[in-house]
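Peer 1: Below are the chains, spelled out letter by letter.
2 protein chains.
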Amino acid sequence: MNYVLACITVFHGGAKEVNVKARGRAISRAVDVVEIVRRRFLPDVKIKTVDIGTQQLAPREEGATPSNVSTIEITLAR
Amino acid sequence: MNYVLACITVFHGGAKEVNVKARGRAISRAVDVVEIVRRRFLPDVKIKTVDIGTQQLAPREEGATPSNVSTIEITLAR
Chain P
1 MNYVLACITV FHGGAKEVNV KARGRAISRA VDVVEIVRRR FLPDVKIKTV DIGTQQLAPR
61 EEGATPSNVS TIEITLAR
Chain F
1 MNYVLACITV FHGGAKEVNV KARGRAISRA VDVVEIVRRR FLPDVKIKTV DIGTQQLAPR
61 EEGATPSNVS TIEITLAR
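Residue numbers (this note's numbering), protein chains in the order written: chain P, 1 to 78; chain F, 1 to 78.
Since the hints were made in silico from the structure, they are not lab data. Everything hinted at is true.
Because identical chains cannot be distinguished in the list, a pair is counted as satisfied if it fits within a single copy or across any two copies.
As a list, the in silico SDA-like pairs of lysine to any residue whose alpha-carbon atoms are at most 20 Å apart:
id, residue 1, residue 2
1, LYS46, VAL69
2, LYS21, THR49
3, LYS21, GLY53
4, LYS21, ASP51
5, LYS46, ASN68
6, LYS46, GLU73
7, LYS46, GLY13
All values reported here derive from a predicted model rather than from experimental measurement.
All chains should be modelled from the sequences, with the hints used to inform the complete structure.
Peer 2: Rendered as structure tokens:
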């Protein structure tokens, strides 16, 4: 709900677009945030784009292989 | 990796499109599956559309309120 409130605050501040980004297991929460914002609070807000991708993370230890993490970027617009 | 293998099998069977759907916390796994399929195994496969939404679930008990769950549907095409 903190992220929901943050989105609403930015829109109420006059923004026309808000980007919601997440990585890894937080991706499902980003989708929850977007759905709650547009269904419960701001019905005039539409999903403009949804992009998914992969980010390569530097290895934690010397010599380890880099790991990949999935990302999502959702753009909301009113 | 079972879902990755399933996607690859469908494409190898001649399909032009594959839909990957998930709900709730499995959404991040669906994104992982799509990213692994297109980055590691089938580079000619593109993400055609990504749709997010909400599904209302019937209450588990009599008289309880229905719950909402986020959904994602990713369409891959080659």
